[in-house]
Amino acid sequence: MMEFLQGILGNEAGLTVWTLLKIVAIVAPMMGAVAYLTLAERKVIGYMQVRIGPNRVGYYGLLQPLADGIKLLLKEIILPTQSSKGLFLLAPVLSIGPALAAWAVVPFTDKLVLANTNASLLYIMAITSMGVYGVIIAGWAANSKYSFLGALRSAAQIVSYEIAMGFALVGVLMVSGSLNLVDIVNQQGHGVAGGSALSWNWLPLFPLFIVYLISGVAETNRAPFDVAEGESEIVAGFHVEYSGMAFAVFFLAEYANMILVAAMTSLMFLGGWLSPFPASWGVLGASGFIWMALKISLVLFCFLWFRATFPRYRYDQIMRLGWKVFIPVTLVWVFVVGVWMMSPLTLWN
Amino acid sequence: MSFPTVVFYVLSAILIFAGLRVITAKNPVHAALYLVLAFFTSAGHWLLLESEFLAISLVLVYVGAVMVLFLFVVMMLDINFEKLREGFWKNAPLAGTVGLIMVGEMVLILMSPEASLGSYKGAAPLAADASNIRELGRLIYTTYLWPFELAAVVLLVGMVAAIALTMRKRKDTKFVNPGDQVVVRRDDRVRLVKMAAVKRSEPVAEAESADQQA
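In order, the protein sequence lines correspond to chains A and B. Once you know that position 196 of the first sequence is 196 in the UniProt record's numbering, the rest is easy, because the numbers rise by one and skip nothing. Once you know that position 196 of the second sequence is 196 in the UniProt record's numbering, the rest is easy, because the numbers rise by one and skip nothing.
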């Protein structure tokens, strides 16, 4: 296919068009997944609260995301008079840009990856750390006290949890000796337990796995860490002044980030596309995209479950958890892993 | 002109524009955002030089953490712009002189034959599978271990000093130890009192009946 395009368009243009096609092939299903994740969230939380959830639009409520999308598209985008107009419109873009750009290096199987770079883990950390600008700028540009409070809360929270997240990833890259996501998954495929679910990183790095999962919830501003929105305290936080498509873009970014964190968790701790069964089990033991999709769905289900179960954290408790619990836990475990790797009991050779 | 050269000039133009706007923007929040743009663009320059680790760390550390905190502070400042601009023309000659001297020094250094920038060929292109993170790690933790650790200690001292200087014990803080909160049982907070039922006292009943009569 690439050779065909290069034959028609010449070498460089062909490569560009081919890469653009691959980007579309990642982003389009992403948007579909985001739309149906919103439906899944409403259904799952509905059943958890003994309700039915959306069931009017389409069979079983399956067309609800489309209806929501059309509704948001047709609504007017209101610009507050006292707002900083340029920044007000730039904020949603800065929010969704990083959420999509991070997918450039996420591998779906060991062959299926847009950019298989040496520094892909570092790239994801750098890109996702930029997502906070959307929130901060939205809060400031709207010139509203509620938005501003939401932006300040979000900035403090994301900076605090990024450190714990980074340390959790340090443990992963210590045991895999690589920043390349494909190598990180492949390393989990061989080990004492013979490449089954027991040889993945979640077991030896269990404290880091838990810290990463919880920090991931905090990074994406999801309940119980959703103080940036805090409906009961500051209305809707940083996006209180947004309407129509501008609001929808924030919404899309939040869900795209959720899927990204779920994908990163499954790549780094749950063995990515590897099968949870030993390789000798035939079809069940074969690795493939289906396992990756199942793991991402499992983590996403946990996200929805948390939202239905836990009350919102108090602000000082969030800060305490991030700085006084997670960072010491990760530091200690990074040290333990270091000693473990140097000892004769090491699992990683 | 090759593609990387075009990218270089585009990035440079953006970088210079962003740098100028940092010092000319009227609103400090806009200035801080232009500084973010400047950092991001120089990360692009480093990527062109094939040093992806430095480029990504620049984005991760400066754009993702330092500038977020910077914006955090700047957004909350209440700055009086008229007052800031008051002494501009009085101080302009001095500032201009200092600026000119700095430009002169840089020109002298960059044009001097010892710097030999004219004959600099640029870094040799790396092999496709070379990982400069691995190389950097190897150098930092073997050859340059002492300077690296010293720099880390200096930063740590700076951090401890900053915290020690600004930390003060507040007297009106309502801090509660979460551990104490968790171990609390019902008996520590609630006391159930058993008492016999009491009859309503008579004067109230009399007042009520008086009301009804009236």
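Just so you know, the hints here were simulated from the structure itself, not pulled from any lab data. Treat the hints with care, since some could be wrong.
Some chain B residues judged to face chain A by a derived CB distance under 10 Å, without partners named [stated by the list, open to error]: (1) Val68; (2) Glu105; (3) Arg170.
Straight-line C-alpha distance at most 30 Å; calculated DSS-like pairs for lysine-lysine [claimed, not checked]: (4) B:Lys90 / A:Lys145; (5) B:Lys26 / B:Lys83; (6) B:Lys171 / A:Lys85.
On a predicted model such as this, the values are computed, not experimentally measured, just so you know. All C-beta atoms, glycine included, are put in the ideal place defined by N, C-alpha and C.
Verification of the supplied hints:
1. With its C-beta approaching chain A no nearer than about 6 Å, B:Val68 sits inside the 10 Å limit, and its interface hint holds.
2. Restraint check, B:Glu105 versus chain A: the minimum CB separation of about 34 Å is more than 10 Å; hint violated.
3. Among the interface hints, the one on B:Arg170 is violated; its C-beta lies about 13 Å from the nearest C-beta in chain A, farther than the 10 Å criterion.
4. Of the supplied pair hints, the one linking B:Lys90 and A:Lys145 is violated, its CA atoms being roughly 38 Å apart against a limit of 30 Å.
5. Distance hint between B:Lys26 and B:Lys83 is fulfilled; the C-alpha atoms sit about 13 Å from each other, no more than 30 Å.
6. Restraint check: the Cα-Cα separation between B:Lys171 and A:Lys85 comes to about 43 Å, which exceeds 30 Å; the hinted pair is violated.
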